[in-house]
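Peer 1: Protein sequence lines, in the order shown, are assigned to chains A and B.
When the letters of the first sequence are read in order and numbered with the UniProt record's numbering, they come out as residues 1 to 155.
When the letters of the second sequence are read in order and numbered with the UniProt record's numbering, they come out as residues 1 to 251.
Treat the hints with caution; some may be incorrect.
Simulated coverage check for chain B against chain A, where a stretch passes if three residues somewhere in it have a Cβ under 8 Å from a Cβ of chain A [said to hold, decoys possible]:
id	stretch
1	53-64
2	136-150
3	172-182
Okay, the calculated beta carbon distance ranges per label pair [what the hints assert, rightly or not]:
id	chain 1	residue 1	chain 2	residue 2	range
4	B	Asn8	A	Asn112	33 to 41 Å
5	B	Glu211	A	Pro24	44 to 52 Å
6	A	Asp103	B	Thr120	34 to 42 Å
7	A	Asn124	B	Glu211	46 to 54 Å
Heads up, simulated DSSO-like pairs for lysine-lysine below, C-alpha to C-alpha not over 27 Å straight-line [unchecked claim]:
id	chain 1	residue 1	chain 2	residue 2
8	A	Lys68	A	Lys58
9	A	Lys40	A	Lys58
10	A	Lys58	B	Lys135
11	A	Lys58	B	Lys250
These aren't lab readings, by the way, just hints derived from the structure by calculation.
None of the values given here were measured: they were computed from a predicted structure.
Note that CB positions come from ideal geometry on N, CA and C, so glycine has one too.
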Amino acid sequence: MVSTNLNEKEIWGWMTEVPDPEIPIINLVELGVIRAVNLKGNAVEIIITPTYTGCPAKQLFVDLISEKLVEKGINDFEVISRIHPVWTTDWLSEETKAKLLKDGISPPTVHNKKIICPHCKSYNTVLASQFGSTPCQSLYKCLECLEPFNYFKCL
Amino acid sequence: MMQIKITNPFAKFLVRIADSEIILGQRLAEMCSNAPTLEEDIALSNLGLDCFGRGEELMKLVSALENNAFTPDDCVFRRNEREYFCIKLVEQPNNDFAWVVVRQFLHDVYVTEIFKQLATNEHQELAALSQKVLKEIEYSKMHSFDWLVRLGRGTEESKMRTQNALNVMWKYTEELFLFDEIDKTYLSDTDAIAANWNLGVNEMFAAADLERPADKKRHILDFRKGFHSEFLGLILADMQYLPRAYPDAKW
């Protein structure tokens, strides 16, 4: 049964319960993937945007959102992917970046300059490989503590 | 058998770019576990994903323009060689790591120029996609440029093999600039594409100490009419086997 007093704010709340499949420490709202929640009568429309065009998690975003809606008793819904406006790492808030850093992923910086080591917080770091474990990350190495780490590429 | 007919001129234009991205993606995917180092394996697989992602988004636009008469998957897996419109450059095999790098660089510089002009297209989704692609492809271009400099200025052997790759691939660059009416309808300035591409490759030749092969007039039939090198059929046979043998297969 769909509750009759369903509102968009509540659905936004549910969306914060959907983790990013590759970086589960942050959710899809924090990642900026959920762009809009529209209520059309009892039908729910969720507008999402892909992060990287080649991100293998693109379909997973849709599946996870659908699962969450079904779990909440919503069966009449549509998840629509739109590229405009273009997703950018600028949409990650300072809190989200802090969460990434805490989880061991160096957050994106302007022009990929001044990259911090998530382990010892040194800026004395160097690129090891432009391409890392996911399309959104590069591999870096800290010259202070010598540990390798992932860096979320600026896009 | 399903007939996939692309008749809308805008869709005809977009499918050329989409096909080129899908076929290059397939070529890069073949490198997965075959690259010279683990980092390179990851890098090339990532570049392949980018190509597939772009190709997929473009195919979605193509399907929509054709009133969803077919899906993007149908378009990729159920068209024959002559119904494909990719550039011949991306069909060239992974004979040598230098071939992979040269092919990538020549492609990246070319599509960057195409997407630059599409970034202001009146089709909002295409413009947005192009803006996104431009940011993503910078990483790829940087990667192939760095490798060309390293190989060109590396050992005698690496230089020789890279120059050889360039000499082979060069003949497939001429057709890139033989723009037809369809191209000219959707690209704002086709002359600028050729001019900027030349600037880009010349900068690389200087940085990598490689020689620009001579431009020779050749009679190679145009990809825009569905003519390909001998390799496309083999790629498609590999790529399409499963969906054609098991049309309803899901995973």
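Peer 1: If a hint holds in the structure, say so; if it doesn't, say that too.
Peer 2: Hints and how they fare:
| no. | hint | result |
| --- | --- | --- |
| 1 | 53-64 | holds (count 4) |
| 2 | 136-150 | holds (count 4) |
| 3 | 172-182 | violated (count 0) |
| 4 | B:Asn8 to A:Asn112: 33 to 41 Å | holds (40 Å) |
| 5 | B:Glu211 to A:Pro24: 44 to 52 Å | holds (51 Å) |
| 6 | A:Asp103 to B:Thr120: 34 to 42 Å | holds (38 Å) |
| 7 | A:Asn124 to B:Glu211: 46 to 54 Å | violated (40 Å) |
| 8 | A:Lys68 to A:Lys58 | holds (16 Å) |
| 9 | A:Lys40 to A:Lys58 | holds (25 Å) |
| 10 | A:Lys58 to B:Lys135 | holds (18 Å) |
| 11 | A:Lys58 to B:Lys250 | holds (17 Å) |
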